[in-house]
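> Here's the letter readout for the chains.
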Amino acid sequence: MKFDLDAVFVERGERDSALVRRVVAALPGSVPVEYVADGREAARASIGADPFAAGKRRMVLMRRRAPFLMSCPAGSARFACCGYLVMVLASNCPMDCSYCFLQEFVADNPGFQVYSNYAESFEEIERMIHSAPGRHFRIGTGELADSLAFDTVTGLTRDLVGFFAARETLTLELKTKTDEIENLLALDPRGRVLVSWTLSPDQVWRTSEHRTASPAARIAAARRVLDAGYRIAFHFDPMIAYDGAERGYSELVDNVLDAIPAAQIGFFSIGGLRMTPALRGAARRRWPHDPMLLGEDVLASDGRLRAFTALRLKLYRVLAERFARAGAKVPGYLCMESASVHERVFGVAPDNPATISERLALGQDSR
Amino acid sequence: MRRESASTTDYGIRALAAARRLPEPHLARWLAMDAPSRAGFLEIAQALRLRTGQLVVALDLLGEIAVREGKAGAEILARPELARIAARAGSTPERARAFIDAIRAIRFPRLTETAARLNSAIGELRLPRGISIVLPAELGSDVLTIKLEVSREGDLDRAIGILARHRAAIARILATLGGSDEV
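Chains as they are written, first to last, in numbering that gives the first Met the number 0: chain A, 0 to 366; chain B, 0 to 182.
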């Protein structure tokens, strides 16, 4: 176990589930386990001066009452969207990035929930693929939680990889900032599982990505899962326009390309740091000395604070051009940006979300 | 001696905050600065007779610059572009406005520089009355607004002709707005 827990809460009705058995067996004896009637109450508990941070150290194993599949919450008609489908198997994350949107998104519900009835998500996916025969779907678990953090304890990826590897119209995306890949290395993904790393330059990692693996460790982990038969991808999101960012991101891409040939990178995504004023307020209260939260941000038309457009787009272009010179075409897309921004960065208008999603699932160029 | 001086400064800060009805969190932030920064800001606030809104904005910006640059408030306030404003001639309200503009420029250096460059490029077009090019607020989008005010067909033809003549220059402004120029 690479992260610390203060306690684990188990919903009584789930105590015999496979997930609970695995987790309880893997926990160090120093972590108390408490059985509760309703996990939602434990997840909502507001502890101490920083309930969000406390929630990260309180794992709650419980049933999920809502559907597991949802459209990515970042999607919107105003943006050129990648059509990502989210499979919600957990909520919150043991790492603590100062800019993380979960500080606002799960503020009232901060416990680190892992859903014991996750196998029901497979039934939802089966229904979806039967309703759209022949279509390819890219489904990820890394939106409301990190896909691999605690995987050595939960063992979720063993079931996930097994399920997706057996279905040719599905691609599973496991998105992470960890190097917790031990379980993956023992499995055969049959080309249907993509592991993606969110990457930032060292300067951002040191100031803002607390308890995450270093960028170098993430790249090394990517190399290892690639060698084990997985597809890989990288998310440069959020890109932060700090002083020296152009050099920082260029060097980061160089480090990626030194370790991994461009032709073997499934895709890269780009997105600028964007924060609602409420998120920025919450983040600044928790991390008052983090300079990365104080970029040259202005209020954009979607109500989010972003680096002013010229600065942000210049940074995007530096990264996209670096990949364009990489020797092989690496598909790329933008997250939460307009079609006109997409065109300015990649030189072409974006396709519709369903088409982009399908191309990314199939490993084709999404531009 | 030093304790006396700090206490005099804090008395001055509290008195000014009370007179201006400065919100409590901002007063707390001011009092939490190191002694030279507290005193330096008080000196400027008194000299420029900063109003409540200006105090709030200046304290916010000063605090953010301190985090961005890892410097104390006193160091920032001692910069020539700020010190000059406090010392120069002119009306107090005008100097107070200039101080806020200057501290904002330190907080948003590239935004200030890019906006100035774009405004200069628009000015160089010397567009006649009735044609205006408006940058997006705070350069927060890549959309340039071109406004024509015409009442006769002839005015419309003339305005479109002028825009057509300036097409290349306007395209350069658009490109800069989209980050393709040096920012």
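Hints were generated in silico from the structure; no laboratory data involved.
Where is the CB? At the ideal position from N, CA and C, for every residue including glycine.
It is possible that part of the hints are untrue.
Stated by the list, open to error - The calculated SDA-like cross-link candidates involving lysine to any residue, where the alpha carbons are at most 20 angstroms apart (straight line), are: (1) A:Lys174 with A:Arg283; (2) A:Lys174 with A:Ala185; (3) B:Lys70 with A:Lys174; (4) A:Lys174 with A:Gly190; (5) B:Lys146 with B:Ala136; (6) B:Lys70 with A:Asp236; (7) B:Lys70 with A:Arg205; (8) B:Lys146 with B:Leu162; (9) B:Lys70 with A:His288; (10) B:Lys70 with A:Gln202; (11) B:Lys70 with A:Trp286; (12) B:Lys146 with B:Arg171; (13) B:Lys70 with A:Pro287; (14) B:Lys70 with A:Gly190.
Stated by the list, open to error - Facing chain B, a subset of chain A residues (Cβ under 8 angstroms, in silico): (15) Leu184; (16) Arg205; (17) Pro290; (18) Ala309.
> Evaluate each hint against the coordinates.
Right, here's what the structure says about each hint:
| no. | hint | verdict |
| --- | --- | --- |
| 1 | A:Lys174 with A:Arg283 | violated (26 angstroms) |
| 2 | A:Lys174 with A:Ala185 | holds (18 angstroms) |
| 3 | B:Lys70 with A:Lys174 | violated (37 angstroms) |
| 4 | A:Lys174 with A:Gly190 | holds (16 angstroms) |
| 5 | B:Lys146 with B:Ala136 | holds (15 angstroms) |
| 6 | B:Lys70 with A:Asp236 | violated (28 angstroms) |
| 7 | B:Lys70 with A:Arg205 | holds (19 angstroms) |
| 8 | B:Lys146 with B:Leu162 | holds (11 angstroms) |
| 9 | B:Lys70 with A:His288 | holds (11 angstroms) |
| 10 | B:Lys70 with A:Gln202 | holds (18 angstroms) |
| 11 | B:Lys70 with A:Trp286 | holds (17 angstroms) |
| 12 | B:Lys146 with B:Arg171 | holds (18 angstroms) |
| 13 | B:Lys70 with A:Pro287 | holds (14 angstroms) |
| 14 | B:Lys70 with A:Gly190 | violated (51 angstroms) |
| 15 | Leu184 | violated (41 angstroms) |
| 16 | Arg205 | violated (13 angstroms) |
| 17 | Pro290 | holds (5 angstroms) |
| 18 | Ala309 | holds (4 angstroms) |
Hint check: violations occur at hints 1, 3, 6, 14, 15 and 16; the rest are consistent with the structure.
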